[in-house]
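Participant: Chain by chain, the residues run as shown.
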Amino acid sequence: MAKHNKKRNVGLLHEQLVRYASEKLVDGERGFAELAIEVLQEHFTDGSELKKEFRLFNALVHTSVEDNAIARQIIKESREACKNHDFNQLRSEKSQLIKDINHKLDPDNFYNKKISKYRVFATVQALLNEWRGSRRLGPEEVVQYEKVLEEWLTRKPIEASMDKSSAANPLALKLMIDRFNAKYNTVLSEEQQSLLENCLHDDEEKLGNQLSDIKTRAKLALQRFYDDCDNQILLEKRDILERRIDSLEFDASRRSIVKALTICELVKEMEDEDE
Amino acid sequence: MNSKKLLTEWLAFEYDADLIKESIESNAGKVLMKGVLQKADTLNQNGRIYPEVILEREVRNYQKFIGENRALGELDHPDSSVVELKNASHIIREAYMNDGVCYGTVEILETPSGKILRSLIGSGVTLGISSRGVGSTRRDGDHDVVQDDFQLICWDFVSEPSTPGAFMMAEGKDFDKTSLRRHFNKTDRVDRIVNDILSWENE
Chain A
1 MAKHNKKRNV GLLHEQLVRY ASEKLVDGER GFAELAIEVL QEHFTDGSEL
51 KKEFRLFNAL VHTSVEDNAI ARQIIKESRE ACKNHDFNQL RSEKSQLIKD
101 INHKLDPDNF YNKKISKYRV FATVQALLNE WRGSRRLGPE EVVQYEKVLE
151 EWLTRKPIEA SMDKSSAANP LALKLMIDRF NAKYNTVLSE EQQSLLENCL
201 HDDEEKLGNQ LSDIKTRAKL ALQRFYDDCD NQILLEKRDI LERRIDSLEF
251 DASRRSIVKA LTICELVKEM EDEDE
Chain B
1 MNSKKLLTEW LAFEYDADLI KESIESNAGK VLMKGVLQKA DTLNQNGRIY
51 PEVILEREVR NYQKFIGENR ALGELDHPDS SVVELKNASH IIREAYMNDG
101 VCYGTVEILE TPSGKILRSL IGSGVTLGIS SRGVGSTRRD GDHDVVQDDF
151 QLICWDFVSE PSTPGAFMMA EGKDFDKTSL RRHFNKTDRV DRIVNDILSW
201 ENE
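Chains A and B, in that order, give the protein sequences. Everything in the first sequence is counted per the numbering used here, starting at 1 for the first residue and increasing by one. Everything in the second sequence is counted per the numbering used here, starting at 1 for the first residue and increasing by one.
Simulated from the structure, these hints should not be mistaken for laboratory data. Do not take every clue at face value.
A partial selection of chain B residues facing chain A, derived with a Cβ cut-off under 10 Å [what the hints assert, rightly or not]:
#, residue
1, Lys5
2, Tyr15
3, Gly67
4, Leu198
5, Glu201
With a straight-line cut-off of 25 Å between C-alpha atoms, the simulated DSS-like cross-links for lysine-lysine are [what the hints assert, rightly or not]:
#, chain 1, residue 1, chain 2, residue 2
6, A, Lys237, B, Lys186
7, A, Lys104, A, Lys114
8, B, Lys177, A, Lys268
9, A, Lys268, B, Lys186
10, B, Lys86, B, Lys5
11, A, Lys219, B, Lys5
12, A, Lys52, A, Lys6
13, A, Lys99, A, Lys114
14, B, Lys186, A, Lys215
15, A, Lys114, A, Lys76
16, A, Lys114, A, Lys7
17, B, Lys177, B, Lys86
18, A, Lys76, A, Lys113
19, A, Lys94, A, Lys6
20, A, Lys206, A, Lys268
In silico negatives: residues of chain A with every beta carbon more than 12 Å from chain B [said to hold, decoys possible]:
#, residue
21, Val39
22, Phe54
23, Gln73
24, Arg79
25, Leu90
26, Leu137
27, Pro139
28, Lys147
29, Glu190
30, Ala218
31, Leu248
Every residue, glycine too, gets a C-beta built ideally from N, C-alpha and C.
Chain A with its partners taken away, still in its complex shape (with noise of 0.2 Å):
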């Protein structure tokens, strides 16, 4: 891995602050967060080196193509591109930013967070630092960088799937999660919102944990409830429904999911005391 500073690295720095605000954000902090989205307007703006060095370490990260030699060129360009920042006032914006960093947010847990991409982040950073004549790496070493950096422009693309939850960004499902908690907590049962949290993280052991513990409370409820019915048209229900609930065998398809949902929802009007 590149040799490298990573609280000097732009594209970690503003993946970080991003991430902060919207953390933040979902933990209901609204302050920090907005302080986050402050820094990054105040330091990241049209003109500043800062802006300059993160459009090109951008690029470099975001662009794919399919044939070495575009690649190759755009590495080119992107060394050319270098000798036009300036070096000194990209180091003095750059420690201006962690400053505020370090004095407005929370530093104990900005730097913590794991970066999925880091090893590219650190060979573009380490490569743009070299391009501009730091002289920290060898001649063999940027140019086992560059080739490093060659291969990742000319990679595979992948395709986007929400099939599984771990291919899907854990913040956007939390909060999704929540946006959903929050206009239906109203309606479902706190067990009902977990149910269909757990189901969205895929999370089988747990998912399969919940649903047989469901079950058992609907034999607790139904117990107590019917304990204390004197409703004919009810009684007339118990046997079946007891024989039905008991053979029960959930699985983690969605029309398991409703049926467990159902019994959730005959548990809580069980329990209800509220007439």
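Given the coordinates of chain A, assemble chain B onto it according to the supplied hints.
Facilitator: Same frame as chain A, now just chain B:
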């Protein structure tokens, strides 16, 4: 999520005056009438369709009201989800689905409203039977489809509307969980879910 609104429908209630006379004689003075209460998958006067699966489910859930002798209906629609006892004119004694049509047997009560209804029938007045329920609808082309959250409250006797949607003045009123609880008690709510669970056998 759509809010639940009051939904009412109108259907001409066809009755045979001679059969009613026979019914009075054979049922110790009770007026019993048989007829069509509602139709599924048919565009009604309000431009609305009740899917058969939903109407069938509601008729199934309504059996508890029939079984407990509280399947009351009023003469004319109120804008409420509760059937007012003082306005009750009839009671549904039987309701069942057959080929997408809900048939029923209605007994006219000896209440003030029931006596008015009996007098109207005796005079051969054209009457309509109208379901009263709460639920949401979804636009589908040129009509509205009643959604899965529909809950049947009762069937009322009403006069023939002059125009489609004549009973709509009460419609559009939102109903929340609290107002529905005035009509559906705890055992009704439990019974609905129990019926749902028991219907899984047919899957």
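Participant: Quick check: which numbered hints come out false for this structure?
Facilitator: Numbers 1, 2, 11, 15, 18, 30 and 31, in rising order.
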